[in-house]
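Chains D and C, in that order, give the protein sequences.
Position one of the first sequence corresponds to residue 1 (my numbering), numbered consecutively onward.
Position one of the second sequence corresponds to residue 1 (my numbering), numbered consecutively onward.
Treat the hints as calculated values from the structure; they're not laboratory data.
Think of the CB as a built atom: it goes at the ideal place given N, C-alpha and C, for glycine as much as any other residue.
Not one of these hints is a red herring.
As a list, the in silico SDA-like pairs of lysine to any residue whose alpha-carbon atoms are at most 25 Å apart: (1) D/K52 to C/N101; (2) D/K68 to D/G29; (3) D/K105 to C/K57.
With the C-beta cut set under 8 Å, the calculated list includes, among others, these residues of chain C facing chain D: (4) Y33; (5) M41; (6) Y48; (7) G58; (8) F90; (9) G99; (10) R100; (11) N109; (12) G110.
Some chain C residues close to chain D (C-beta under 10 Å, calculated; not the full set): (13) Y31; (14) Y35; (15) Q37; (16) L43; (17) R44; (18) L45; (19) V50; (20) A56; (21) E59; (22) A92; (23) S94; (24) L105; (25) H106; (26) F107; (27) G108.
Each chain, written out:
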Amino acid sequence: GNSVTQMEGPVTLSEEAFLTINCTYTATGYPSLFWYVQYPGEGLQLLLKATKADDKGSNKGFEATYRKETTSFHLEKGSVQVSDSAVYFCALSDNQAGTALIFGKGTTLSVSS
Amino acid sequence: NAGVTQTPKFRVLKTGQSMTLLCAQDMNHEYMYWYRQDPGMGLRLIHYSVGEGTTAKGEVPDGYNVSRLKKQNFLLGLESAAPSQTSVYFCASSYGSPGRNNSPLHFGNGTRLTVT
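Excised from the complex, chain D in its bound form (with noise of 0.2 Å):
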């Protein structure tokens, strides 16, 4: 079945660093990609997504593009902020159907002043 490997973390940066968290997946046919948000004591959220090969999503300052040449779905930002500081989530659709998303373990994101 689909599956999805991120870069395990944390990942500790300093206020303005550049981000990247990668993502990379295994998959029959041409899953939807995302990426997930959650902020400690909350449920996730989307933060961003693309559906076929070369979309770019973006929002917030993050951008990730879909690429099927390397099945990869890395996630970046130029200048990262305190407020970024998260735990961020790869995802795709289960299968054909698509009925489900698996989610990645999951990066952890600390930004520090």
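Assemble chain C onto chain D, guided by the hints.
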């Protein structure tokens, strides 16, 4: 603008006790899901439903049962709780299929369950 509401927020059970977690959504979503979140494991799908009256097993269904009698509610039951079921449980809903319709999941704030 409630979205997805989970009750209770916290619960402590003794081994062998039973309980039901309630999830309610007010967005008229067709799809609903139960996930559990454990350290180092990410989120794992327990059960899901693609419409009122339907349920299906996810990745880790053993020890859990679900019901979707009304479109807006999705119940998760533990018949005989075990310490391995200590976890944070998240309910989510989506308008359509996340794969075919690119519908995002909307999550509740979670229920923290401890089984002693």
